[in-house]
Amino acid sequence: MSKLLVKADKSHGRVAHVTPESAGWTYVGFDLHRLKPGETASGKTDNREICLVFVTGKGKAKAGGKDLGLLGERMSPFEGKPWSVYVPQGSDWSVIADTELELAVCSAPGLGGGLPVRVIGPDDLGQEVRGKGTNTRYVTNILPEGQPADSLLVVEVITPGGHTSSYPPHKHDRDNLPAESYLEETYYHRLNPPQGFAFQRVYTDADKSGHRALDEAMAIEDGDVVLVPEGYHPCAACHGYDLYYLNVMAGPKRTWKFHNAPEHEWLMKA
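Counting the sequence shown from 1 gives a position; the numbering used here is that position plus 1.
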């Protein structure tokens with residue numbers, strides 16, 4: 002199995018756990034909690050900031066000493082927009098599940114920005130359609146660079162069955178602004194119906210001999226997490242199965258500037 006593929010546990014509790022140490026990188030962390038009604042997920046941010054994303058279900062949230070009430074409404078990631086909570090460094094947080102709950106904990110370094118805890122409701126989220134034809138996908142911006150945070154960028158995407166996304170292939174693995182930013186990235190994948198599968202390839206440019214330092218192609222099942230430490234990272238959803246993914250990105254500068262694979266850039270104009 003690819004070292005970039007993290008298989009989520011099918012039980013309850015914390016079912017996926019990615020840290021900078023386990024991923025072999027510097028910035029991004031990702032946990033996924035699957036809770037039954039009455040169960041709790043909690044933690045301390047320490048020197049990191051987090052974004053709690055209610056992927057599905059409802060729960061009572063507290064953060065930074067504030068009672069945030071009952072959050073969440075959708076029961077499927079393929080319907081509507083999520084509720085989320087931004088929690089700065091140096092804070093405690095907890096969520097008690099009111100229904101079956103899938104809670105993503107997205108994290109990155111805090112930079113002492115002094116930002117407050119805030120609830121990010123569905124009405125706060127911008128949505129956009131990207132691509133054309135079988136490259137069409139639907140994007141919900143949860144924590145884009147235009148909204149306050151120290152390091153985190155968080156977005157979710159729905160790719161209809163038979164379509165591609167993160168395509169034409171692009172990368173963001175060089176700190177070379179304004180042309181390209183360095184951002185580590187995780188993909189948390191869901192399939193509808195859940196017995197389906199999709200594909201993701203993570204690969205770097207070839208050298209003069211045709212060798213690629215990284216070239217991994219993965220079959221993605223419902224609940225999988227894919228790590229993108231560098232390189233291009235397109236996805237393909239198979240016919241009959243819609244693909245959802247939650248992206249978490251972070252790097253030395255909080256901006257998303259990507260570089261398209263030159264051999265496929267003609268698709269942008271087609």
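If you are wondering where the hints come from, they were derived from the structure by calculation, not from laboratory data. Idealized CB from N, CA, C, for every residue including glycine. Hints may be right or wrong, so weigh each one.
Unchecked claim - Listed next, the in silico BS3-like pairs over lysine-lysine satisfying Cα-Cα at most 27 angstroms (straight line):
#1 K209 / K133
#2 K8 / K45
#3 K258 / K4
#4 K133 / K11
#5 K11 / K67
Stated by the list, open to error - Using C-beta positions, here's what the derived DEER-type ranges look like:
#6 G39 / K209: 20 to 30 angstroms
#7 G147 / M76: 37 to 47 angstroms
#8 P263 / M76: 18 to 28 angstroms
#9 D47 / P194: 37 to 47 angstroms
#10 T41 / H212: 14 to 24 angstroms
Regarding D47 and P194, is the given constraint of 37 to 47 angstroms on their beta-carbon distance met?
-> holds, 39 angstroms
Does the structure keep K8 and K45 at a Cα separation of 27 angstroms or less?
-> holds, 25 angstroms
K11 and K67: Cα distance at most 27 angstroms?
-> Between K11 and K67 the Cα gap is close to 32 angstroms, so the pair fails against 27 angstroms, i.e. violated.
Given the proposed pairing of K258 with K4, does the C-alpha separation stay at or below 27 angstroms?
-> holds, 26 angstroms
Should the hint that P263 and M76 are 18 to 28 angstroms apart at their CB atoms be regarded as holding?
-> violated, 43 angstroms
Consistency of beta-carbon spacing, M76 to G147, with hint 37 to 47 angstroms | violated, 29 angstroms
Taken at face value, is the distance from the CA of K11 to the CA of K133 at most 27 angstroms?
-> violated, 35 angstroms
Between G39 and K209, does the C-beta distance stay in 20 to 30 angstroms?
-> violated, 60 angstroms
Is it true that the CA of K209 sits at most 27 angstroms from the CA of K133?
-> violated, 33 angstroms
Distance restraint evaluation - T41, H212, Cβ atoms, bounds 14 to 24 angstroms = violated, 49 angstroms
The structure does not agree with the numbered hints 1, 4, 5, 6, 7, 8, 10 stated previously, though it agrees with the rest.
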